Amino acid sequence: MGKSCEIKLLGTAPSHFVNRVQFVLNLKSIEYEFIDENLNCKSELLLTSNPVHKKVPVLIHANKPPILESLIIIEYLDEVYHDIHPILPSDPLERAHNRFWANYIDTKYFPLFEELRRTPGIEGKKEVKKQLDEASELLEEVFVKSSNGKAYFGGDDVGYIDVVLGCFLAWIKFVEKLNKFKIFDEVRTPKLLEWTNRIWSHEALKDAICGSEALTNHYAMLQIKKP
Amino acid sequence: MAVKLLGIWQSPFVLRVKLALSLKGVEYEYIEDDILNKSSMLLQYNPVYKKVPVLVHNGKPMAESLVILEYIDEIWKNHPLLPEDPFEKARSRFWAKFVDDKFVPMIIRMLRITSDQKDNAAKETREILKTLEGSLDPNKPFPEDKSLSFMDIAIVWVGYYTQMLEKMLDVKLLDDENTPLLNTWFRVVLNLQVIKECLPPFDKLLTHYTNFHERHTTAS
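These protein sequence lines are chains A and B, in that order.
Using full-length UniProt numbering, read the first sequence as starting at 1 and increasing by one per residue.
Using full-length UniProt numbering, read the second sequence as starting at 1 and increasing by one per residue.
Please note that the accuracy of each hint is not assured.
[What the hints assert, rightly or not] In silico DSS-like pairs for lysine-lysine, Cα to Cα no more than 30 Å straight-line:
hint: 1; chain 1: B; residue 1: LYS130; chain 2: A; residue 2: LYS108
hint: 2; chain 1: B; residue 1: LYS77; chain 2: A; residue 2: LYS28
hint: 3; chain 1: A; residue 1: LYS129; chain 2: B; residue 2: LYS38
hint: 4; chain 1: A; residue 1: LYS64; chain 2: B; residue 2: LYS130
hint: 5; chain 1: A; residue 1: LYS125; chain 2: A; residue 2: LYS150
No lab work stands behind these hints, which were simulated from the structure alone.
Computed from a predicted structure; not experimentally measured.
The task is simple: from the sequences and hints, build the whole structure.
Given below as structure tokens:
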């Protein structure tokens with residue numbers, strides 16, 4: 001089947017996991033239909049497409065069964081549309097490092113933000129912020145090594161880690177404003193700070209990220225549902 | 001040697017890597033680490049998590065079992081582990097991740113479970129196993145040594161460690177009523193030569209985790 005087959009993406013705007021897939025679809029100039037899911041009232045399509053996790057994103061490509069999990073979807077798109085803006089590098093060792101750090105960001109870094117949200121009191125939040133600072137400094141080292149003096153983790157242009165971390169920036173900015181502190185700054189993470197400005201204004205990311213009103217509403221919902 | 005594997009004998013994640021290397025006939029030096037007294041080599045090679053497995057290839061280390069499996073499959077092209085078709089690849093990766101996301105936290109919980117929590121935890125484990133059974137195609141023949149895949153390697157340890165938990169806690173987790181296909185699959189695959197050669201001895205595993213369970217559930 002040709003590459004002009006229809007792609008549907010089930011998702012919600014405030015989900016950075018969904019945004020990642022949108023970013024990659026944009027980078028590869030792939031047209032797709034976005035199906036906005038209300039996670040409080042999941043559609044029949046979502047429940048049948050992802051009966052295991054009942055989560056977004058879900059990618060439906062032509063008449064194939066659905067593909068689940070943002071990183072798995074990204075690798076799928078990278079394989080099918082390999083000649084347009086490759087996301088992962090071609091060298092196996094670099095691929096291993098990219099996958100390792102994406103896994104770190106998803107299983108260690110992002111959960112710290114959730115912990116921050118759920119920790120009551122300033123003292124408690126300070127402790128979590130300390131861990132966040134250490135993790136951010138680690139990511140600064142990763143950026144320096146990975147970018148090799150260039151603009152992105154992926155080098156000259158956006159790569160896998162840029163997508164994984166970049167899509168979380170809307171939330172990072174939201175959290176910074178809410179807590180009146182900085183996640184990335186000129187002293188501890190100067191290169192990452194420059195990178196955030198660069199990626200935030202990237203054409204392909206701009207319309208993949210939702211506005212602060214949607215984030216505010218989503219945050220409020222999380223405070224109620226998962227305090 | 002060009003390939004080194006840092007591991008601990010009881011780790012199912014190390015088992016995955018051993019299976020992959022074995023299937024591809026890759027010679028490697030295995031270095032047993034000590035979980036209670038982590039070597040400087042481990043701390044140097046995996047400073048982020050300080051955990052095994054770590055694969056070192058030509059001096060370059062990498063960690064995380066599924067990341068290592070993908071690397072092995074990309075470097076050594078014989079006996080491909082992942083299917084060629086991108087959709088089937090995605091499917092394999094999904095089920096490997098499912099095991100890590102759902103079954104691993106469950107087994108960690110079971111290893112510390114008190115007798116009053118046991119039955120509930122066993123019920124949840126059976127539900128996870130039922131979902132895992134959905135990964136198997138009933139029309140597909142069972143794998144043989146020469147056809148073992150990424151998904152098979154990622155999943156097979158679940159059967160072995162579940163059997164160990166059943167004995168340790170006197171609970172039923174894998175039963176023929178709940179998961180008949182999965183049970184048969186485990187029975188067949190755990191009996192394959194290349195798998196048997198890599199599995200840690202059952203009794204040793206049972207003793208090790210029984211002691212672990214006792215330590216973590218006895219009031220000090």
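Results for each hint:
no.: 1; hint: B:LYS130 x A:LYS108; verdict: holds, 28 Å
no.: 2; hint: B:LYS77 x A:LYS28; verdict: holds, 28 Å
no.: 3; hint: A:LYS129 x B:LYS38; verdict: holds, 28 Å
no.: 4; hint: A:LYS64 x B:LYS130; verdict: holds, 24 Å
no.: 5; hint: A:LYS125 x A:LYS150; verdict: violated, 34 Å
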